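Chemist: Order-wise, the sequence lines are chains C and L.
Just so we're on the same page, this note's numbering is the position in the first sequence counted from 1, plus 34.
Just so we're on the same page, this note's numbering is the position in the second sequence counted from 1, plus 2.
Be aware that a few hints might be false.
As the list claims (entries may be wrong) - Simulated restraints, written as ranges between beta carbons of each label pair:
#, chain 1, residue 1, chain 2, residue 2, range
1, L, 257, C, 41, 16 to 22 Å
2, C, 44, L, 41, 50 to 56 Å
3, L, 407, C, 94, 44 to 50 Å
4, C, 63, L, 206, 47 to 53 Å
5, L, 230, C, 95, 56 to 62 Å
6, C, 75, L, 67, 28 to 34 Å
7, C, 64, L, 72, 36 to 42 Å
Said to hold, decoys possible - Mimicking DSS-like on lysine-lysine, the simulated pairs with C-alpha atoms at most 30 Å apart in a straight line are:
#, chain 1, residue 1, chain 2, residue 2
8, C, 65, C, 105
9, C, 105, L, 70
10, L, 70, C, 99
11, C, 65, C, 99
12, C, 99, C, 88
13, L, 70, C, 88
14, C, 105, L, 129
15, C, 88, L, 71
16, L, 62, L, 50
17, L, 62, C, 99
What the hints assert, rightly or not - Derived list of chain L stretches under chain C, where covered just means 3 residues or more per stretch with a C-beta under 8 Å from a C-beta of chain C:
#, segment
18, 70 to 78
19, 132 to 139
Don't read these hints as lab results, they were simulated from the structure.
Just so you know, these numbers come straight off a predicted model, no measurement behind them.
For every residue, glycine included, the Cβ atom is placed at its ideal position computed from N, Cα and C.
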Amino acid sequence: MAQSEQEILAGLAEIVNEETGLETDSVQPDKSFTEDLDIDSLSMMTIVVNAEEKFGVRIPDDEVKNLSTVKDAVSFIHSAQG
Amino acid sequence: MATHREPRIVVTGLGTTNPVGGNTSETWEAILAGQSGARTMPFDWVEKYELPVTFAAMVKQHPSEVLKKVETRRLDPSAQYAVIASREAWADAGAPEVEPERLAVAMGSGIGGVWTLLDAWNTLQEKGPRRVFPLTVPMLMPNGPSAAVSLELGARAGAHTPVSACSSGAEAMGYAAEMIRSGRADVVVAGGTEAAVHPLPIAGFAAMQALSKRNDDPAAASRPYDVDRDGFVLGEGAGVIVLESLEHAQARGAKIYAELAAVGMSSDAHHIAAPEPQGAGAARAMLESLERAGLKPSDVSHINVHATSTPVGDIAEYNALKLAFGDATDDVAVTATKSMTGHLLGAAGALETVLTVLAVHHRLVPATINLDHQDPEIPLDVVTGGPRKLPAGDIAALNNSFGFGGHNVALTICSV
Numbered sequence: 035m036a037q038s039e040q041e042i043l044a045g046l047a048e049i050v051n052e053e054t055g056l057e058t059d060s061v062q063p064d065k066s067f068t069e070d071l072d073i074d075s076l077s078m079m080t081i082v083v084n085a086e087e088k089f090g091v092r093i094p095d096d097e098v099k100n101l102s103t104v105k106d107a108v109s110f111i112h113s114a115q116g
Numbered sequence: 003m004a005t006h007r008e009p010r011i012v013v014t015g016l017g018t019t020n021p022v023g024g025n026t027s028e029t030w031e032a033i034l035a036g037q038s039g040a041r042t043m044p045f046d047w048v049e050k051y052e053l054p055v056t057f058a059a060m061v062k063q064h065p066s067e068v069l070k071k072v073e074t075r076r077l078d079p080s081a082q083y084a085v086i087a088s089r090e091a092w093a094d095a096g097a098p099e100v101e102p103e104r105l106a107v108a109m110g111s112g113i114g115g116v117w118t119l120l121d122a123w124n125t126l127q128e129k130g131p132r133r134v135f136p137l138t139v140p141m142l143m144p145n146g147p148s149a150a151v152s153l154e155l156g157a158r159a160g161a162h163t164p165v166s167a168c169s170s171g172a173e174a175m176g177y178a179a180e181m182i183r184s185g186r187a188d189v190v191v192a193g194g195t196e197a198a199v200h201p202l203p204i205a206g207f208a209a210m211q212a213l214s215k216r217n218d219d220p221a222a223a224s225r226p227y228d229v230d231r232d233g234f235v236l237g238e239g240a241g242v243i244v245l246e247s248l249e250h251a252q253a254r255g256a257k258i259y260a261e262l263a264a265v266g267m268s269s270d271a272h273h274i275a276a277p278e279p280q281g282a283g284a285a286r287a288m289l290e291s292l293e294r295a296g297l298k299p300s301d302v303s304h305i306n307v308h309a310t311s312t313p314v315g316d317i318a319e320y321n322a323l324k325l326a327f328g329d330a331t332d333d334v335a336v337t338a339t340k341s342m343t344g345h346l347l348g349a350a351g352a353l354e355t356v357l358t359v360l361a362v363h364h365r366l367v368p369a370t371i372n373l374d375h376q377d378p379e380i381p382l383d384v385v386t387g388g389p390r391k392l393p394a395g396d397i398a399a400l401n402n403s404f405g406f407g408g409h410n411v412a413l414t415i416c417s418v
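Between the sequences and the hints, there should be enough to build the whole structure, so can you do that?
Modeler: Written as structure tokens, this is what we have:
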């Protein structure tokens with residue numbers, strides 16, 4: 035079932051918090067995963083796989099490099115849930 | 003063999019997490035009080051796999067009580083214990099100011115990240131390769147704990163991982179002392195860690211008849227040198243010491259617990275698991291350690307023996323002691339602290355070195371528990387009933403560790 039972008043953002047923030055310990059409040063749409071949140075490629079893969087499970091979507095490996103900001107990820111998941 | 007004691011290497015920090023305590027002071031208090039850390043395992047997998055042994059000596063303090071959630075997710079339990087004990091030891095040493103290129107880590111482990119390895123295998127089978135955690139390999143590698151501590155402290159002179167089964171921790175401490183002697187580092191954080199209270203190692207050790215099956219009375223199961231001993235009790239945790247030269251320690255006004263005067267090492271080349279029954283290899287390790295320290299057997303007033311509570315191993319160590327010491331064993335206060343802590347495998351020698359350092363520092367030998375009927379074939383002066391005082395003046399102690407594969411390590415600890 036499709037969720038709102040706001041619900042996806044909240045869920046994604048929980049995944050990021052679980053993986054990195056960052057406060058959920060710091061996971062804002064304009065933040066870059068690498069530049070702002072200091073998430074390395076290994077952590078990113080864990081976040082992606084956990085997001086796939088949580089949101090019931092598939093995020094292809096080739097797509098991951100295009101998800102530079104939190105907003106990119108939220109939009110991708112939102113449209114994938116279509 | 004020439005004395006090999008210069009420059010003198012001293013212990014300036016102690017840290018541990020183990021079945022009887024979550025830190026050094028809690029551990030020492032429990033050990034002096036004769037408390038056992040063995041208890042029935044509360045895990046559903048004990049029944050699921052119908053394990054023949056239903057108890058172990060689990061860490062008293064769960065790592066999640068002191069580590070951040072992210073740390074517990076990204077570190078195998080063996081690395082978690084190493085980090086906890088190293089943080090304590092480093093703070094205890096006064097967090098010395100040392101150039102990163104002169105600071106090293108030597109952290110042994112017997113088994114490595116067995117929980118990570120087998121959890122990942124389950125994930126692969128149940129959910130496929132994409133769900134395997136990306137940090138699986140760095141978490142399961144046996145040098146993970148050593149690397150984690152080097153990251154924690156910014157140690158860049160080297161991060162080493164001696165692996166020699168149940169003598170890994172002691173070997174790491176000996177290796178660390180030699181690093182300082184050879185000029186490769188000024189300060190080394192050294193120890194051993196193990197987190198193998200997992201159904202597979204338990205099944206494996208049980209299959210080789212190495213574990214006690216005293217399921218109805220876990221606290222009485224680890225009974226080194228007792229006639230009714232029937233195997234060891236699996237333990238887990240870490241022991242860590244901070245080592246530096248005496249000159250370095252004095253220059254910064256550090257508190258000094260004791261001197262790690264020498265290490266002796268040998269290998270049996272006899273059998274992959276059984277000790278050489280006459281104890282020749284173990285005796286050579288002890289004598290080499292004493293000779294390097296410029297001491298003779300009659301100088302030793304205390305030995306923390308390896309004594310795991312197996313029928314065969316305890317006798318073999320006694321034979322080695324007789325071979326090395328002759329009648330000089332009569333004047334040695336012997337203790338087997340595994341009677342309380344269980345057998346921490348790769349961390350055993352490390353925890354027991356922490357305890358030997360404390361015994362020398364406080365001049366107090368903790369008692370061995372569960373020694374109700376001492377094996378007449380092992381007529382050693384084992385401390386029982388309560389702690390025994392050590393004499394004033396210069397004293398020397400020995401800590402023995404032996405590992406599957408025929409590895410023998412003996413550390414000589416002296417008062418300062």
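Chemist: Confirm or reject each hint.
Modeler: Going through the hints against the structure:
Distance hint for residue 257 (chain L) and residue 41 (chain C): a CB-CB separation of about 56 Å, inconsistent with the stated range 16 to 22 Å. Taking 50 to 56 Å as the suggested C-beta distance range, the pair residue 44 (chain C) and residue 41 (chain L) does not conform, at roughly 42 Å. Restraint check, residue 407 (chain L) to residue 94 (chain C): a C-beta distance of roughly 47 Å satisfies the suggested window 44 to 50 Å. As the Cβ distance of residue 63 (chain C) to residue 206 (chain L) is approximately 51 Å, the hint placing it in 47 to 53 Å holds.
In this structure the supplied range 56 to 62 Å holds for residue 230 (chain L) paired with residue 95 (chain C), their Cβ-Cβ distance being about 59 Å. Judged by the Cβ atoms, the range 28 to 34 Å given for residue 75 (chain C) and residue 67 (chain L) holds: they are separated by roughly 31 Å. Range check, residue 64 (chain C) to residue 72 (chain L): Cβ separation about 24 Å, and the 36 to 42 Å hint is violated. Between residue 65 (chain C) and residue 105 (chain C) the CA atoms are separated by roughly 8 Å; this keeps the pair inside 30 Å, and the hint holds.
Among the hinted pairs, residue 105 (chain C) with residue 70 (chain L) is consistent with the structure: their alpha-carbon atoms are about 28 Å apart, no more than 30 Å. For a cut-off of 30 Å, the pair hint linking residue 70 (chain L) to residue 99 (chain C) stands: about 29 Å separates their Cα positions. Taking the CA atoms of residue 65 (chain C) and residue 99 (chain C), the gap is about 15 Å. The hint holds against a cut of 30 Å. About 20 Å separates the Cα atoms of residue 99 (chain C) and residue 88 (chain C), which keeps this hinted pair within 30 Å; it holds.
Proposed proximity of residue 70 (chain L) and residue 88 (chain C) is supported: the alpha carbons are some 23 Å apart, at most 30 Å. Proposed proximity of residue 105 (chain C) and residue 129 (chain L) is supported: the alpha carbons are some 28 Å apart, at most 30 Å. Between the alpha carbons of residue 88 (chain C) and residue 71 (chain L) the distance comes to roughly 20 Å, so the proposed pair stays at or under 30 Å and holds. A distance of roughly 24 Å separates the Cα atoms of residue 62 (chain L) and residue 50 (chain L); the hinted pair therefore holds under the 30 Å criterion.
Between residue 62 (chain L) and residue 99 (chain C), the direct Cα distance comes to roughly 44 Å. Violation of the 30 Å bound is thereby established for this hinted pair. For the segment 70 to 78 of chain L, the stated coverage by chain C holds: 4 residues have a C-beta nearer than 8 Å to a C-beta of that chain, and at least 3 were required. With 5 residues carrying a beta carbon less than 8 Å from a beta carbon of chain C, the segment 132 to 139 of chain L meets the three-residue requirement, and the given coverage holds.
Hints 1, 2, 7 and 17 from the earlier list are contradicted by this structure; the remaining hints agree with it.
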